[in-house]
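**Q** Go ahead and model the full structure; you've got the sequences and the hints to work with.
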Amino acid sequence: MNNLIVLPLIIPIMVGIILVFLRPYVKLQRAISLITMIGITGVSVFVLNRVQTDGIIRLDFAGWQPPFGILFVADSFAMLLVLTASIVTAICLIYAFSSIGDKHEKMYFYPFVLFLVAGVNGSFLTGDLFNLFVCFEVMLLASYVLITLGGTKPQLRESIKYVVINVLASWFFLVALAYLYGTVGTLNMAHISERVAEEGQGPLLTTISILFLIVFSLKAGLLLFFWLPGSYSVPPTAVAALFGALLTKVGIYALFRTFTLIFYHDPLISQTLIGIMAGITLIVGCIGAIAFKDVRLIVSYNVVIAVGFILIGLAVGTETSIAGSIYYIIHDMIAKAMLFLLAGTMIYLTGKSKIDEMSGLIRNYPLFGWMFFLVTCSLAGIPPLSGFVGKILVGQGAIESGSYILLGLAFISSIVVLYSLLRIFLNTIFGETIISLEDEKPMKMGMIIPIVLFGIATISLGLGAEFISGYVADAAHTLSNPSVYIDAVMGGDK
Amino acid sequence: METLIIMLIGILVAVATYLILSRNIIRIILGTAVFSHAVHLLILTMGGLKQGNVPLLKEADAPYADALPQALILTAIVISFAVTAFILVLAYRTYQDVGTEDLDELRGPKNE
Numbered sequence: 002m003n004n005l006i007v008l009p010l011i012i013p014i015m016v017g018i019i020l021v022f023l024r025p026y027v028k029l030q031r032a033i034s035l036i037t038m039i040g041i042t043g044v045s046v047f048v049l050n051r052v053q054t055d056g057i058i059r060l061d062f063a064g065w066q067p068p069f070g071i072l073f074v075a076d077s078f079a080m081l082l083v084l085t086a087s088i089v090t091a092i093c094l095i096y097a098f099s100s101i102g103d104k105h106e107k108m109y110f111y112p113f114v115l116f117l118v119a120g121v122n123g124s125f126l127t128g129d130l131f132n133l134f135v136c137f138e139v140m141l142l143a144s145y146v147l148i149t150l151g152g153t154k155p156q157l158r159e160s161i162k163y164v165v166i167n168v169l170a171s172w173f174f175l176v177a178l179a180y181l182y183g184t185v186g187t188l189n190m191a192h193i194s195e196r197v198a199e200e201g202q203g204p205l206l207t208t209i210s211i212l213f214l215i216v217f218s219l220k221a222g223l224l225l226f227f228w229l230p231g232s233y234s235v236p237p238t239a240v241a242a243l244f245g246a247l248l249t250k251v252g253i254y255a256l257f258r259t260f261t262l263i264f265y266h267d268p269l270i271s272q273t274l275i276g277i278m279a280g281i282t283l284i285v286g287c288i289g290a291i292a293f294k295d296v297r298l299i300v301s302y303n304v305v306i307a308v309g310f311i312l313i314g315l316a317v318g319t320e321t322s323i324a325g326s327i328y329y330i331i332h333d334m335i336a337k338a339m340l341f342l343l344a345g346t347m348i349y350l351t352g353k354s355k356i357d358e359m360s361g362l363i364r365n366y367p368l369f370g371w372m373f374f375l376v377t378c379s380l381a382g383i384p385p386l387s388g389f390v391g392k393i394l395v396g397q398g399a400i401e402s403g404s405y406i407l408l409g410l411a412f413i414s415s416i417v418v419l420y421s422l423l424r425i426f427l428n429t430i431f432g433e434t435i436i437s438l439e440d441e442k443p444m445k446m447g448m449i450i451p452i453v454l455f456g457i458a459t460i461s462l463g464l465g466a467e468f469i470s471g472y473v474a475d476a477a478h479t480l481s482n483p484s485v486y487i488d489a490v491m492g493g494d495k
Numbered sequence: 028m029e030t031l032i033i034m035l036i037g038i039l040v041a042v043a044t045y046l047i048l049s050r051n052i053i054r055i056i057l058g059t060a061v062f063s064h065a066v067h068l069l070i071l072t073m074g075g076l077k078q079g080n081v082p083l084l085k086e087a088d089a090p091y092a093d094a095l096p097q098a099l100i101l102t103a104i105v106i107s108f109a110v111t112a113f114i115l116v117l118a119y120r121t122y123q124d125v126g127t128e129d130l131d132e133l134r135g136p137k138n139e
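Those protein sequences? They're chains L and Z, same order as listed. For the first sequence, the working numbering assigns the number 2 to the initial residue and increments by one for each residue that follows. For the second sequence, the working numbering assigns the number 28 to the initial residue and increments by one for each residue that follows.
Mixed in with the good hints, there may be bad ones.
With the C-beta cut set under 10 Å, the calculated list includes, among others, these residues of chain Z facing chain L [to be verified]:
| no. | residue |
| --- | --- |
| 1 | Val42 |
| 2 | Pro90 |
| 3 | Asp93 |
| 4 | Thr111 |
| 5 | Leu117 |
Bear in mind the hints are in silico, worked out from the structure with no lab data behind them. Glycine is no exception: its CB is placed at the ideal position from the N, C-alpha and C atoms.
**A** Printed below as a string of structure tokens:
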């Protein structure tokens with residue numbers, strides 16, 4: 002039964018390879034990729050529930066006992082993220098069906114989305130640090146292709162920077178891995194954690210931890226996010242939504258994993274440094290979100306703000322705040338994908354991207370307008386929508402540990418998020434209608450349905466917070482008590 | 028032996044840094060390639076050089092050399108090969124479409 006946890010990685014890869022051969026049959030590709038994502042969603046729900054009853058599940062590949070072999074570990078945190086990623090990808094695929102265009106679909110768009118998902122899921126599930134690097138690369142190579150697919154001038158211009166910065170970050174990841182292997186002599190995360198705890202986190206290990214911090218910050222967009230707004234605003238809408246929802250979250254996941262499981266001994270790094278970085282990220286992200294008039298840039302800077310907010314939960318480091326962060330990651334994956342889809346649809350409908358060139362869309366597209374209002378409220382954290390629970394738990398954790406500066410920054414950032422999105426809302430959706438009824442482009446059903454699905458998801462995640470609280474509590478418990486994870490991995494056969 | 032290799036790695040990293048800091052995109056790509064070689068050597072050195080025999084049970088006597096870094100490098104080389112190939116093609120396409128290889132001119136319009 003443990004073999005189940007490799008499915009979220011292996012299914013997308015196998016199906017992706019099959020889809021390469023089905024290149025001319027676009028309809029078949031669509032159906033197969035959607036069914037695949039729904040299938041993975043089903044598998045991850047099943048595994049998530051099994052983790053609740055049986056504890057953490059692990060799969061030793063080829064029967065090599067840890068710490069010798071590569072292994073996959075499914076705990077609640079990883080499975081919650083796999084589940085959310087699968088749902089978000091499925092809905093983004095539905096959006097892609099009507100928006101991405103024949104040219105992309107015949108150029109292996111669906112296989113690469115599936116490879117991206119495989120890399121993302123692999124990064125969430127792996128229990129081996131080098132394997133994490135490999136899964137990162139699978140994800141990044143797929144993302145390089147997706148970001149350049151189409152080959153318009155701005156895309157090429159921005160993607161070359163995206164690719165170079167990520168390649169460099171990958172080699173730094175390898176440098177950090179090499180030093181870590183030279184120091185502790187193992188790559189299994191649980192085993193590293195044990196060794197670090199035995200030897201104590203000396204200056205050498207602290208340096209290595211900072212190297213990891215830099216690498217994962219580059220991927221997550223924590224402080225080192227200068228590449229993010231440019232590259233997330235050029236690809237087609239469905240791809241941008243996938244990137245905004247998934248890619249930074251993988252970096253955030255890696256930060257949470259390494260700094261709660263391995264390098265948790267030195268609060269100066271794991272809390273103070275990350276806290277400062279998260280604080281600066283919030284401030285600069287807020288300035289960016291207010292400064293620009295391009296919808297896509299405003300939305301991209303909102304991704305940056307969310308990264309800062311989630312990592313405040315890690316910097317505070319209590320079990321409550323980590324639970325809040327987990328809630329917020331799940332919420333943010335859904336809400337950011339929805340926001341990117343809305344922004345992209347807005348540009349599709351009006352043909353313009355600056356907020357002062359659009360106006361009065363609510364008269365033309367009422368449902369679309371209200372959906373934008375919904376996501377604005379959700380991201381600002383207004384109850385009963387999904388952002389509320391995460392924000393309140395992070396806030397509670399920050400008060401418990403007395404980190405009032407971070408608390409203040411976190412909540413001021415919510416107001417800025419509200420302001421930046423209301424500015425889009427008031428300028429483009431309210432106001433004088435400038436598109437006459439004859440000129441208006443009809444809203445495609447395939448575009449509004451995914452947005453409504455995300456809307457339903459954010460409402461039900463808010464109202465059903467009680468329902469997933471068990472899973473989140475278990476995930477937060479595992480993260481704040483490394484021994485649970487270590488025992489599950491190193492504790493012999495089950 | 029280790030010290031010598033570490034010095035070689037240092038030189039490679041210096042060269043790579045110099046190349047990456049230039050504005051020409053081809054130099055940057057070559058820089059990342061040189062950097063990847065430095066990293067591979069670093070992984071190899073971290074496992075310890077020339078310590079022990081071939082890690083084959085019954086074929087050679089203990090102590091054995093650590094086989095893991097070699098496996099890691101093999102993976103990393105394949106990945107760096109793929110990534111470098113991709114990025115070269117991307118740079119060529121960008122040069123064809125945008126008409127420049129200078130990063131300053133790749134910044135895009137000023138008031139975007």
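**Q** Against the earlier hints, flag every one the structure doesn't satisfy and list their numbers going up.
**A** Of the numbered hints, 1, 2 do not hold.
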